[in-house]
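*Asks:* Here the protein sequences line up with chains L and A, keeping their order.
So my numbering is basically just the index in the first sequence, starting at one, shifted up by 40.
So my numbering is basically just the index in the second sequence, starting at one, shifted up by 4.
Honestly, the hints are just simulated from the structure, not real lab data.
Among the hints, erroneous ones may be present.
Quick partial rundown of chain A residues pointing at chain L, CB under 8 Å, derived from the structure [as the list claims (entries may be wrong)]:
1. Ile6
2. Ala39
3. Glu50
4. Lys97
5. His102
6. Gln138
7. Leu141
8. Tyr162
9. Gly163
10. Arg167
11. Leu169
12. Tyr171
13. Leu181
14. Lys184
In this text, all values refer to a predicted model and were calculated from it rather than measured experimentally.
Quick reminder that beta carbons are idealized off the backbone N, C-alpha and C, glycines included.
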Amino acid sequence: MDYTEKTVSLKNGKTCVIRRPEAADAERVLRYQKETSGETPYLVVGPEDIGLTVEEQAERIQRWNASSKRLRLMAEMDGEFAGVAIVYGSGVQSRVLHRCSVDITLYQKFCGMGIGTALLREILTAAKAAGYEQAELEVVSTNAPAVGLYRKLGFEDVGTMPRALKYQDGTYADFLLMARTL
Amino acid sequence: MIYQEKTFSLQDGRKVVLRSAEERDAEALIAYLQATAAESRFLLREPEEQTLTVEDEVQFIRRKNEAERDLMLLAFVEGRYAGNCAINSHGDKLRVLHRCDIGIALYQEFCGQGLGTLMLTELLKIAKECGYQQAELEVIAGNAPAMGLYKKLGFEVYGTRPRDLRYKDGTYADAHLMVKML
């Protein structure tokens, strides 16, 4: 999906730049995935699951940028990598072409500044423009800041999947499933 | 994975053979996908979207048989192919290794005879032996026989996704999301 770079004002008076990653960002995207998956227990991927090479990640970025049904956006503040939001279709069959999934992650130090809100707004606007009618997501039910962000942007609860994630210490986390009409 | 062929009996005495798919089943499986899609509104695909070639289906069967934590099980009633069921893993990420998706579809003429119960009972047993701790599925709202079968086998509804499927006439169907601890 196309996207024109945008500068967004944040509540702390700073700005962040939202744009699509380019192939040259592959190394930063990988490092970001590795580091955020280590910072938080709320992701499906653990740091041990990030196995792509820089080259594979660069190819993935190019594939996403070329797709008419998928978009990955990244946010930078003062040139620093702050977060990523993605949208992708729920399937290729005609009966599910109206649905998409969204996902967003931020470095912890960039949480609570409004970057997540800005990223999510941009990705939802792009999703609607691409023809999607409904956006869906899954979030660990105890991740209150994320759940709050999604509710603020109109997402409603669809259900709670028990034991969606199992950690290596044997404990579990539930997923709250949410959806909103675009 | 490969399932060692087993023979069961339906309540009316007819013999049921359950076995893994083999490459020679490809044509029968394609015919089945086309027929069931035309018979039922509760499946993902429109009938005209069943465009798999025999070669595609052979590859699919090979992949399912080679995948250690996936299974496709075919049912034959008195020698006639009646339907299949499957276990699908959520991939190789550590945090979701304890979860699997399951699915089942039968030719309409074989519904309501205890075959689905027999197949799923065996499938869930294998899933548990395979180390899965919970099985999940989605069923389209309004598919009362399927819902009854899943409830009988211990599945519980944990959510309902609105507008899961969109039909060509512009109407939608919700999906009930179900889970069972193994």
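*Asks:* Does each hint hold? Answer for all of them.
*Replies:* Hint check:
1. The beta carbon of Ile6 of chain A is not positioned within 8 Å of any beta carbon in chain L (closest approach about 27 Å), and the interface hint is therefore violated.
2. Given hint, Ala39 of chain A at the interface with chain L, is violated; its Cβ is 17 Å from that chain's nearest Cβ, farther than 8 Å.
3. Of the supplied interface hints, the one on Glu50 of chain A holds, with its beta-carbon coming within about 6 Å of a beta-carbon of chain L, less than 8 Å.
4. Using the Cβ-Cβ criterion of 8 Å, the hint placing Lys97 of chain A at the interface with chain L is satisfied: the shortest such distance is roughly 5 Å.
5. Here the hint on His102 of chain A is kept, as its CB sits about 5 Å from the closest CB of chain L, short of 8 Å.
6. For the restraint placing Gln138 of chain A at the interface with chain L, the shortest Cβ-Cβ distance is roughly 6 Å, inside the 8 Å limit, so the hint holds.
7. Residue-level restraint check for Leu141 of chain A is violated (minimum Cβ-Cβ distance to chain L is 12 Å; threshold 8 Å).
8. Because the closest C-beta pair between Tyr162 of chain A and chain L is about 5 Å apart, less than 8 Å, the hint holds.
9. Hint on Gly163 of chain A holds. Least Cβ distance to chain L is approximately 1 Å, under the 8 Å limit.
10. Taken as an interface hint, Arg167 of chain A checks out: its beta carbon lies about 6 Å from the nearest beta carbon of chain L, inside 8 Å.
11. Because the smallest distance between the Cβ of Leu169 of chain A and any Cβ of chain L comes to about 4 Å, under 8 Å, the interface hint for this residue holds.
12. For the restraint placing Tyr171 of chain A at the interface with chain L, the shortest Cβ-Cβ distance is roughly 7 Å, inside the 8 Å limit, so the hint holds.
13. Checking Leu181 of chain A against chain L by beta carbon gives a least distance of about 5 Å; that is within 8 Å, so the hint holds.
14. The beta carbon of Lys184 of chain A comes no nearer than 10 Å to any beta carbon in chain L, farther than 8 Å, and the hint placing it at the interface is violated.
In terms of the numbered hints stated before, the structure departs from hints 1, 2, 7, 14, listed from lowest to highest.
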